[in-house]
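Following the hints, put chain B in place on chain A, whose structure we already have.
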Amino acid sequence: MIKSWWVKILIKGEIMGKISLEVNGRKVEKEASDNTLLSTFLREHLQLTGTHIGCDTSQCGACVVHVDGNSLKSCTALAADVNGSKVTTIEGLETNGKMHPMQEAFKKLHGLQCGFCTPGMVMSAVDLLQKNKKPSDTEIRDWLEGNICRCTGYQNIVAAVKEAATKM
Amino acid sequence: MASLVGSRVERKEDKRFLTGKGRYTADINLANQTYAIFVRSPHARASIKKINIDKALKSSGVVSIFTGKEIADDKIGGLIAGWAIRSEDGTEMKCPGNPPLAKDNVNFVGDPVAVVIAESLAEAKDAAEKVEVDYKVLKAVTSTADAMNGDTIHEGIDKNLCFDWLLGDRQKVKEAFDKADKVISIDIINNRLIPNAMEPRACVADYNAASEEITLYTTSQNPHLSRLIMSAFGNVAPEHKLRVVAPDVGGGFGSKINVYNEDIVCSWAVKKINRAIKWVAERSESFLTDIHGRDHVTHAELAVTKDGKFLGFKNETIANLGAYARVFGTVTPTYLFGPCATGVYEIPAAYTNVKAVYTNTAPVDAYRGAGRPEATYTIERLVEKASMELGIDKTELRIKNFPTAFPFKQTLVHTVDSGDYVAGMEKAKQMADYKGFEARRKESEAKGKLRGIGVTSYFEACGIAPSAAVMSLGCGVGLWESAEVRFNPTGQVTVYTGSHSHGQSHQTTFAQIAADELGVPIENIDIVHGDTDKGTFGMGTYGSRSLAVGGIAIVNACKKIVEKGKRVTAKMLEANPEDVEFKDGEFIVSKSNKKKTIGEVAFACYLPGVRDEMKSPLPEGDEPGLKETSFYDPSNFSFPAGTHIAEVEIDPETGHVKLEKYTACDDFGRIINPMVVEGQVHGGLAQGIGQALYENAEYDETGQLMTGSYMDYTMPRADNFPEFNIGYTCTHATTNPLGVKGCGEAGAIAAPPTVMNAVIDALGGQEVTMPATAEKVWKACKNLKKSNAKAA
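As they're listed, the protein sequences go chains A and B. So for the first sequence, this note's numbering puts the first residue at 1; every next one is plus one. So for the second sequence, this note's numbering puts the first residue at 1; every next one is plus one.
Bound-form chain A, shown alone (with noise of 0.2 Å):
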């Protein structure tokens, strides 16, 4: 056990560190290797798989959560980048059981079919509204080009955004 703890460190440079984050608004404290991407760490770790791995080049966006209120693709940052921080994920963003206004919108409106891309595509839309509360429909498009859809072409996501933007 030893001797692959320092197999890890020196072969390998692998550093296990303990990471604490508030996720969903509970604190948790895991050990984990210091290469962890925040969106291994959500899956693997702390078994919230809503956030999903889409690609390995940082564009699909399937994987966005909101680090300290913002959005960010999590496959891009190491869970020890944002140690410290408050993380939401889709699993976080129900309020007493009742789902957020952007989760209501795309239901009513259709904005998602396979469900894939549906997470990050919700949690990035709800930061635009938190930073622009009323975007026109090429703000929204425009904001949105960070997050890829197979199933939808976009227009029932853009009509969702737009229709949250009235309940928030």
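Calculated directly from the structure, the hints in this document are not laboratory data. In this text, a Cβ means the ideal position worked out from N, Cα and C, and glycines have one as well. Heads up, a few of these hints could be off.
Computed list of lysine to aspartate or glutamate pairs in DMTMM-like fashion (alpha-carbon distance at most 20 Å, straight line) [stated by the list, open to error]:
1) A:107 <-> B:526
2) B:125 <-> A:56
3) B:125 <-> A:34
4) B:12 <-> A:104
5) B:658 <-> A:139
6) B:571 <-> B:612
7) A:162 <-> B:10
8) A:98 <-> B:523
9) A:131 <-> B:719
10) B:306 <-> B:239
11) B:15 <-> A:163
12) B:15 <-> A:104
13) B:661 <-> A:137
14) A:167 <-> B:10
15) A:108 <-> B:523
16) B:21 <-> A:68
Chain A stretches covered by chain B per the calculated footprint, using a threshold of three residues with CB under 8 Å from any CB of chain B [claimed, not checked]:
17) 48-61
18) 83-92
Using the frame of chain A, we list chain B on its own:
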């Protein structure tokens, strides 16, 4: 009770997806699981001289490593082509073996040669890098057009030719062309695409050594079919010892029909190591090894009279199959392509000839539309060109050649049961303000921009398909669908379907159908799919078949329930079964007006007796319980159709194409849920427009994929599209009781020619290949300027 069919019902599946509670294959973790990494060929074509796994075996955390030798020793079968196609000369198609792990030769970049299984993903990756494969690199064949002149890829397959297929009559076509006033000809490249479902492929295999049962969780559009193939051809395990589960699946578009190498290898290896194995593709692996789509090189000709009547059509196509022939690989460029080649027109004589070739590229198979987009692109580009050359308005020319009566016996194969193509065209023109286009063109010109308008009228054959028909044409299975409708004693209903939903909304739309048929509230109906241990064998989801075939199976099973309910009610209320009517969930005896709800009947079926009396509510011959199954085999394909109109504006300074307007007017027959249909149309359009303007899979001459990531392969984004203008004409299908036709593929079929016709219209008729990138269009703009200057 108000009918749910036809209503905008919100989706039952949405809450779990919106709250992070979906369960995709990569979300599944099993106790004591191991992780698999596949060692893949970096070469497009090579023979394997030697594989050395010694160093890799010593790597930290390695559990096991397998190569093609072990899998061959265990007589595990390879991947198969699902359709046997016969050449024009009567010979059978030629297919190479496609072992799950390559043993002697690799034939495309990404072809797997070994699997490394380790305690952790990182350890599996580290060890995979230590597997030494000694390759003898051979010259790759990558070009579709030149494949027949390249080195022989597979021993014994001359000219790399799988088949040389003909549909139609060459002599009749020759006679038609002899009579023509004019022949319009066109050369087309239908660009290769990568489906790119957002969920990368994955599988998790589990094994119970005591019961000898393998469970495979996998990203499949058709788990039952996967099990059949893995069992019958892969020899992985007998069907009753193999359970295939396709849980939530993040999009498919055809790319998840295939049984893939990883499915077979993990299901086989799990038994060897007796521990669960998890494999999740990285996106770059998906790019390399998911099936690709399209990739045709076509020369087509249309014989016309000077007043615009179509007389004859011919189509000579080379279709790229990639390295191996896969499940729908051989039928996509033949029976899904040729019969639709003449489009929505009355053309007395036609033929389609397809030469299917092997190349050292990823296998090409069914991608949304499968064969019909290629067919539609060819005929609609030809018709548009004919309109330019004849000087006849593009909509008038089309109308002139539309069939006037239905059923419409098509030139080559199909008898189209229903439709009204003229009505669709007129409505589309109105929606798109076709009349106002010239004014808009002038406005664009005033700004220094080029504006073009493009039209496409399409039909497609989907709802695949009548079993006897497809099996006579070489399909390895029948394409019926199953449904089982099961009442609980307390009145809720579970519907098991053999089709699979990976975005299509079956949990909602199928529940709408069952709710109407049974008069049970939709909240009390669950739709179950995606697990070979739950429900009956079924064929899965592709070819816009789920509703038109699977939906009808549900209707038929519900009707059987109602029939039994009538018999039971009659017995309970001492009436004649013929006097019992069923409406809105109630069985009513017409003479006495006495009634039983369907819930009461279900309860009685499960608890068939009463205290202190020897009395059963079940008529003689009826068994207890309330559960019915239907296997529905359609009598014909279904034929959605429509007209789409696009308008583009081009900036000649930059070559940038802006899609200004897109109008789709489709006939899908009866619509179950307009919200869902709208979503299907939008998504199909995005993929079709993607093909026309953005997407292209490109290999270099050595067979390296140049577009292997989202940095290189242009996926359409939200800011690439205008708001689509969607409308319908609805002529009900006459060949099924719901009158439905299918809507999943229409957008991807109609959009490429619609957009390209608009681009080429803006460019004064200059041909541009798909995707019409800024670079190509900018060059065409320069040519246009030159030729305009010359003319002046």
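Inset, instruction - Could you tell me which of the numbered hints above are not met by this structure, giving the numbers in increasing order? - result: 10 and 16
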